[in-house]
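**Student:** Its first residue numbered 1, the sequence shown is counted upward by one per residue in full-length UniProt numbering.
Hints were generated in silico from the structure; no laboratory data involved.
Treat the hints with care, as some may be off.
Unchecked claim - Once the Cα atoms are required to be at most 25 angstroms apart in a straight line, the calculated BS3-like pairs of lysine-lysine come out as:
(1) K247 to K124
(2) K33 to K7
(3) K7 to K90
(4) K124 to K135
What the hints assert, rightly or not - Simulated DEER-style distance windows between Cβ atoms:
(5) N36 to L329: 25 to 35 angstroms
(6) K215 to T288: 40 to 50 angstroms
(7) N153 to D54: 39 to 49 angstroms
(8) N332 to D177: 37 to 47 angstroms
(9) T288 to N310: 16 to 26 angstroms
(10) K247 to D177: 25 to 35 angstroms
On a predicted model such as this, the values are computed, not experimentally measured, just so you know.
The beta-carbon is built from N, C-alpha and C at its ideal position, and this holds for glycine as well.
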Amino acid sequence: MNTERKKIVLSGYYGFDNLGDEAILNYLVNFLKENNMEPIVLSANPEKTTKTYDVESVNRADFGQVLEVLKKSNGLISGGGSLLQDKTSKKSLMYYLIIMYMAKKVAKKPVYFYGQGVGPIVGKDSKFLTKFILKSTDMMSVRDEESHNFLKNTLKLKKHIDIIHDPVLFYPKNEVDKAPDGFTEEEVRFLDKRPVYVSIRPTEANQNVVNAFFKYLQYLKEKEIPVISFAFHPSQDTKITKDILEKFDNAMFIEKPINLEQGSYILAKSRLVVGMRLHSLILAASQTTPFIGVSYDPKIDSFVKQFGQNVVGDIYNVTGEAIIKESELLLNNEQVSQTIIVDHLEKMKFINDKFNQKLNTIING
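Based on the provided sequences and hints, a complete structural model is requested.
**Tutor:** Shown next, in the form of structure tokens:
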């Protein structure tokens, strides 16, 4: 009997210090290890990835190394996250398609498309290539109905596609009475006040976003409610967030690197999360913290809809008044909001567990 562990290569936005994508990687690594499989991660920072997750990791941009690990593997998992879209850049879309092509057509290995959000893909050639590559995948799942509809109705992809949920939703709930290592006494005391957490990112409508959050933070100051933030994507989010928060003496911005355990603890201690970053909302839900979404991308709308909510606006039309109104509603009904989140999470976990069992059976036989 062959008991050798199956080697599975993981391809995603890994090694870029984006907390949301690292949370996805954490989930997938644990899933594979728990099912006696060996992860090999394609990373922008393989040394750090190896140290953090105790896995083999290679440089995602070294296609020679990538092909080498694909050939010695038993398959590729592409995902999760929002990998297939050409809004950020066509180059990024092509990268992930090339990796899937290399796995399937060059290394002759199965490709499992896992829990991704797909789109927007606007270029005609981008759509054609995406359909061409995805046709040959061995198993497909997406994280929302909008992605499913895009693949089926826009790309006319004739394949079975499971709809599951972003795996970060199932990150373990924190014990809020004990802070993880790495926090100062001042930070712990501040978190004990149960602040509101805000996630702000730069967009093409920066001034409107800044105005809306500034007005909301003025309201929180008047109500004597503290505010906290850290950057989910430090290289992008730090400046815009600091510029707003430093104007308020009831606000704290944690600038040092925050890991997944620390980040989830901050959101668990918060009474409310108002977020632009998708995984600030997802990680909030995992900790049953009520959340409000401000949309810069359709994936934000798709996620909040899964919990029976709507975004308070997009980057062009959001107002401080709209955030304040929704904030008052949730804060005045905090326990009801938490119960609704728990109910949704139970149903979502059942769906993901069922899919994971199917995936494990296909890989391990």
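**Student:** Each hint: holds or not?
**Tutor:** A quick look at each hint next to the structure:
1. The hinted pair formed by K247 and K124 fails the criterion: a straight-line CA distance of about 45 angstroms is larger than 25 angstroms.
2. For the given pair, K33 sits about 10 angstroms from K7 by alpha-carbon distance, which is consistent with the 25 angstroms threshold.
3. For the hint pairing K7 with K90, the CA-to-CA distance comes to about 30 angstroms; that exceeds 25 angstroms, so the pair is violated.
4. Proximity of K124 to K135 is assessed by CA-CA distance (about 17 angstroms); at most 25 angstroms being required, the pair is judged to hold.
5. At about 47 angstroms, the CB distance of N36 to L329 disagrees with the hint of 25 to 35 angstroms.
6. Checking the proposed 40 to 50 angstroms range against K215 and T288 shows it is violated: the Cβ atoms sit about 28 angstroms from each other.
7. Restraint check, N153 to D54: a C-beta distance of roughly 42 angstroms satisfies the suggested window 39 to 49 angstroms.
8. Hint check: N332 to D177, Cβ distance near 25 angstroms, so the stated range 37 to 47 angstroms is violated.
9. Judged by the Cβ atoms, the range 16 to 26 angstroms given for T288 and N310 holds: they are separated by roughly 20 angstroms.
10. A hinted range of 25 to 35 angstroms holds for the C-beta pair K247 and D177, which are about 32 angstroms apart.
The structure shown violates the earlier hints numbered 1, 3, 5, 6 and 8.
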